[in-house]
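A.B. asks: The listed protein sequences derive, respectively, from chains A and B.
Residues 1 to 678 (this note's numbering) make up the first sequence, in order.
Residues 1 to 678 (this note's numbering) make up the second sequence, in order.
Don't read these hints as lab results, they were simulated from the structure.
Treat each hint with caution, since some may be false.
You can't tell identical chains apart in this list, so a pair holds if it fits in one copy or across any two.
[Stated by the list, open to error] Quick list of in silico lysine-lysine cross-link-like pairs, DSSO-like style, CA-CA up to 27 Å: (1) Lys20 to Lys266; (2) Lys254 to Lys62; (3) Lys266 to Lys189; (4) Lys189 to Lys347; (5) Lys254 to Lys20; (6) Lys591 to Lys75; (7) Lys75 to Lys667; (8) Lys591 to Lys420; (9) Lys347 to Lys667; (10) Lys20 to Lys189; (11) Lys20 to Lys62; (12) Lys570 to Lys591; (13) Lys189 to Lys62; (14) Lys254 to Lys266; (15) Lys254 to Lys591.
Since this is a predicted model, take the numbers as computed values, not measurements.
Number of protein chains: 2
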Amino acid sequence: MSESGAAYQGDEVVERLLRKAGSPYGAADLAGLLAGVAGAPEATDPEAWIDLVASNAGDALKAQLRAYRAEMAAKTAIPGGRAANTAARVAALRAELQQRGLSGFIVPRSDEHQGEYVSPRAERLAWLTGFTGSAGLAIVLQQAAAVFVDGRYTLQVAQQVDGALFVARHVTEQPPEAWIAENLPAGGKLGYDPWLHTPDGLESLRRAAARAGGELVACADNPLDAAWTDQPAAPIAPVRPHELRYTGRDSIDKRTSLGARLAADKVDAAVLTAPDSLAWLLNIRGGDVPRTPLPLGFAVLHADGAVDLFMDRRKFVPGLEAHLGNAVHVHAPDQLAPALDRLGQGKRRVLADPTSAAAWIFDRLAAAGAEVVRAGDPCALPKACKNAVEIEGTRAAHRRDGAAVTRFLAWLSEHAGSGKLSEIEAAEQLAQFRRGNELFRDFSFDTISGAGPNGAIVHYRATSASNRLIRSGELYLVDSGAQYLDGTTDITRTVAIGAPTAEMRDHFTRVLKGHIALGAARFPRGTTGSQLDALARTALWAAGLDYDHGTGHGVGSYLGVHEGPHRISKIPNRVPLEVGMIVSNEPGFYKTGGYGIRIENLVTVVEAPVEGAERPMLGFETLTLAPIDRTLVEPALMAPVETAWLDAYHARVAAAIGPLVDGATAKWLAAATRPLAP
Amino acid sequence: MSESGAAYQGDEVVERLLRKAGSPYGAADLAGLLAGVAGAPEATDPEAWIDLVASNAGDALKAQLRAYRAEMAAKTAIPGGRAANTAARVAALRAELQQRGLSGFIVPRSDEHQGEYVSPRAERLAWLTGFTGSAGLAIVLQQAAAVFVDGRYTLQVAQQVDGALFVARHVTEQPPEAWIAENLPAGGKLGYDPWLHTPDGLESLRRAAARAGGELVACADNPLDAAWTDQPAAPIAPVRPHELRYTGRDSIDKRTSLGARLAADKVDAAVLTAPDSLAWLLNIRGGDVPRTPLPLGFAVLHADGAVDLFMDRRKFVPGLEAHLGNAVHVHAPDQLAPALDRLGQGKRRVLADPTSAAAWIFDRLAAAGAEVVRAGDPCALPKACKNAVEIEGTRAAHRRDGAAVTRFLAWLSEHAGSGKLSEIEAAEQLAQFRRGNELFRDFSFDTISGAGPNGAIVHYRATSASNRLIRSGELYLVDSGAQYLDGTTDITRTVAIGAPTAEMRDHFTRVLKGHIALGAARFPRGTTGSQLDALARTALWAAGLDYDHGTGHGVGSYLGVHEGPHRISKIPNRVPLEVGMIVSNEPGFYKTGGYGIRIENLVTVVEAPVEGAERPMLGFETLTLAPIDRTLVEPALMAPVETAWLDAYHARVAAAIGPLVDGATAKWLAAATRPLAP
């Protein structure tokens, strides 16, 4: 598995090379460090971690480090797919539980930060069950076990999980609470890891256990981790400064202003557990989880603007501490507990977010005597409202990204008709176009490349088993995005391969009408995304159609492609849309076994003055720039204002993207963006 | 103040008359009974209460009872308007507080049932402050006092409340919590009556008191009641059966089915504190509060379908106990406390609704040892989903009501142009038309009759001080409704007097477009009113306009004109719209100092099959039948589907109402409902 030819030549040789390169580490330190490196997800630059060992490593040292890392990687099992030995793993967990006097254990997909993307070490659910989806929960009792997933994953769970070990349940239709109430024996002790649940999330599980006559028991250390002998180490990926030219605002300014807000609310400190909050607040980026440049860690923000940062220093690239400055005090991760204890002993009022911080945080603070203020993460809203520099950055990123997508669409129009192009090949071609872009760092999520019926699977990922050829007469849906230093992108286009049916055109046009109704909406300051969600649906509703996902999620600035606190969804959300927020506009329609349609642009909230307006009005500026397939639009269904919107959008795309692409693409683009209106 | 010429001739005479009439009461019982009668709001039939004393009272007895009641009424002060002696009242309350060692006391507008309409006895806020609005809260400390009202009432509170006694605050902009935190002295004990607050409502007040270094203290008896020496008695208004031909469903059927639901949820009993829940569940109606036929009382519904009803038997018309049947056990109101204690001693699981039941209920249940299940009132949803008989009833009621409103609009078109008609005269004429209707029992709220700028006051009530003449060139807004035995109505029409301006037509048309967008919407089963609210606003938003109230409230069946659990509002509501729910559709626009526009129809949720639909779709059937002023519609702003909707609605109105009105009205109606489309 070695990435280069060289084998590890032993500690003595390496010790010398390290000293020569001026590394702070000796050979004895490497085992731990490289276990962490091996425990990080694959990075776009697979050798970036070498900087952490020595910034001036010569070729000989590099070769030795590569070899050592390869050895470490071979020892750790990164879980994924249907594992043959889940039966043995479940048995090992059950033995561990029995030894601890537990009747069962709850295994969520979450990590200690409750994020959507987690490090390999935190893929406990995948290790135990084989299920690799991005959300789910398993419960293992001695006599029974179940895995709970949402509607996106009912098919996948059936493919990946051994039905003899786990019953699979739909998480809202047959929730874990009902299963616990039925299956937990009276007097049963159901264990959970308080690091992997929020206090809000535990409440209903606790009641369910009580209903069964049992109880929920917090485990001081995770019994699954004890059973998982080759569990990856906590990830060590480089943490770097994120420069002012991208962030637009000094970390010290952010910290001082947030600290003052805490002081005004008579709060002494806030515990920050969301890595994207840390990244935003401290203007740093990392690589501890896939697809999002997150540095895993915790922080305490004090009302005076000082920060205690609990993060493994070995992740820091040279110069990072200087970038963090004097008011950010770095501590080892295991120092978080005593720090919370000291806040408690000082009877401090400490804020933590019950929707995102682990129950462990609340338990520890309360036990130590702190007055816990349950309130939203103070970074969430200022992070969501991008400043002028961030907006300018995302506009630039969207131009480059739009050029890559446009090149892909032009390429597709040439190649897809052959019937020989597969979903995976198409996605790889799109990836190639993107990789060449300036400031490209990663994809922002795994590309969804779905032809025909695969397009109807909302969170489809093409695998060797599912990979389909793109055929004429079908629709092809591609949802993809990238992480650029100056912005995060996320775009979906649906393309007709050959001639679409009248039904496809009708339904595509209704999705487009919803996209336009939302994109062109004006709304008063104070309006939430929940209020606007229906605008994207009414054209579908009129035909008895709908889609079972939200209409828009927040998007970060070289951060999460999904971020809060706002969203456009029928699920009630009380956060008003504010100027500078970025959100997706992505209505869709899915015909199971037939085709999928989704049209997704990112938009940003802007002031939208209206002549004669009696109140301040807001609207959206569309950031995403790539053509929408005109051949799928049924003009008879379009109102004149809708046609005008589409034509104006296409004119913008042509003007912005045309100069960035090659001649053949430019020609295709000109045709693809010509007006619908005669 | 006597209503007839006769004076009370003494107990001996009356005793004889009572015996002769076969009354169960002696003269000695009359004082208490008639104090209660005097404590009830004025009824449409002012002598209905005589039945409670003797169902066959002769003229002589009637005269004596009238005289006695008049004496009782003279002794009780029904509060209202700016009372000259609020200073003395505040002083009396402060003395009472001092005696009890309290630093202050919280006086909400609520009664023990948290309803919108309360009995005269519960008008504590009006008595203390002079403020007669339907929502508000006062806090009296020894050195300071404040009254908190919402945006509807900022003007009214300034007119009614003595600024030297109370500072007036906007309840959301300067909330009571902030005032408490600033003004309650450290160590202060702030009293509250646990009967007049929900546990949910108390939480933030409790935190505010703690923030000031003080505490909230529950008062076993209300100190304001002690200071209010001529406080009206608890109301005694006749409680009658509500017949099966109106309810469509036996009480025993309702009770059995709800009891089974409780049993399925492993709940032993539910405490019902909402009088409309009692009225619906037991198929009874009363008259203890104005404008809504509510019988005040409490009930415990058991899982076996049996009910303990805590209600003053003296309110029952003859035969009511037979109507209630064997499984409804009637107890005096003071037996509620021991009944809750028994539930606690039995360790029962008892449901109570933390959003509508008094904190007292929860405190008592918890103290007695019950397991309290905090969940929604189990009657709310089945009450909201009207059955076929109720829907047929409300359709009939809306035809009769529509005829009265149409007669009024025709009459208005003839008389309003003179410039001599006042708002109060217009409202009185409308009331006259309604009173003549079959099955009419009351108005469902005080009519809003607002000309010109008064129309811009959303909850305007014309008083002798505010009464305006209706003038040419102005808009006139009338929002009114009635209680019929077969249904409750609520309609708003806005009428141009003379020629409207272009702006009026533009804004009216935008309100109409919102009304139509909502009224014509199709939506999938599971959709909430919160999701639909924006449909009624987008046409206004596009012009930078909006309105600051919800778009739709639930309406009862000969019950509250405002009922839950559903509503159409930007405020998040998680209750899906279900077939049979009645809800208003009432977008508006208000130009302060200029004019008000509101178009309100009641609609009911119906199945709305769509050809080719992939899921079950719902829509609205409009119940309200009266013309919408065509002269205010700007055809250029109307999309063809909108014009078609209006023309179809008007055709329905003409067909349904034409045959019910006189010839002159019918002629006016034909013109008022002619199609807009050429």
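A.B. asks: All hints, please: hold or fail.
C.D. replies: Going through the hints against the structure:
1. Lys20 to Lys266: neither (53 Å within a copy, 73 Å between copies)
2. Lys254 to Lys62: neither (38 Å within a copy, 79 Å between copies)
3. Lys266 to Lys189: between (39 Å within a copy, 22 Å between copies)
4. Lys189 to Lys347: between (33 Å within a copy, 24 Å between copies)
5. Lys254 to Lys20: neither (40 Å within a copy, 86 Å between copies)
6. Lys591 to Lys75: neither (44 Å within a copy, 73 Å between copies)
7. Lys75 to Lys667: The answer is neither: 52 Å in one copy and 92 Å across copies each exceed 27 Å.
8. Lys591 to Lys420: within (24 Å within a copy, 64 Å between copies)
9. Lys347 to Lys667: This pair counts as neither: shortest intra-copy Cα distance 68 Å, inter-copy 79 Å.
10. Lys20 to Lys189: neither (56 Å within a copy, 73 Å between copies)
11. Lys20 to Lys62: within (12 Å within a copy, 114 Å between copies)
12. Lys570 to Lys591: within (21 Å within a copy, 31 Å between copies)
13. Lys189 to Lys62: Cα proximity of Lys189 and Lys62: none, with 50 Å in one copy and 72 Å across.
14. Lys254 to Lys266: Within. Shortest intra-copy distance 18 Å satisfies the 27 Å Cα cut-off; inter-copy 51 Å does not.
15. Lys254 to Lys591: neither (46 Å within a copy, 41 Å between copies)
The earlier numbered hints that this structure contradicts are 1, 2, 5, 6, 7, 9, 10, 13, 15.
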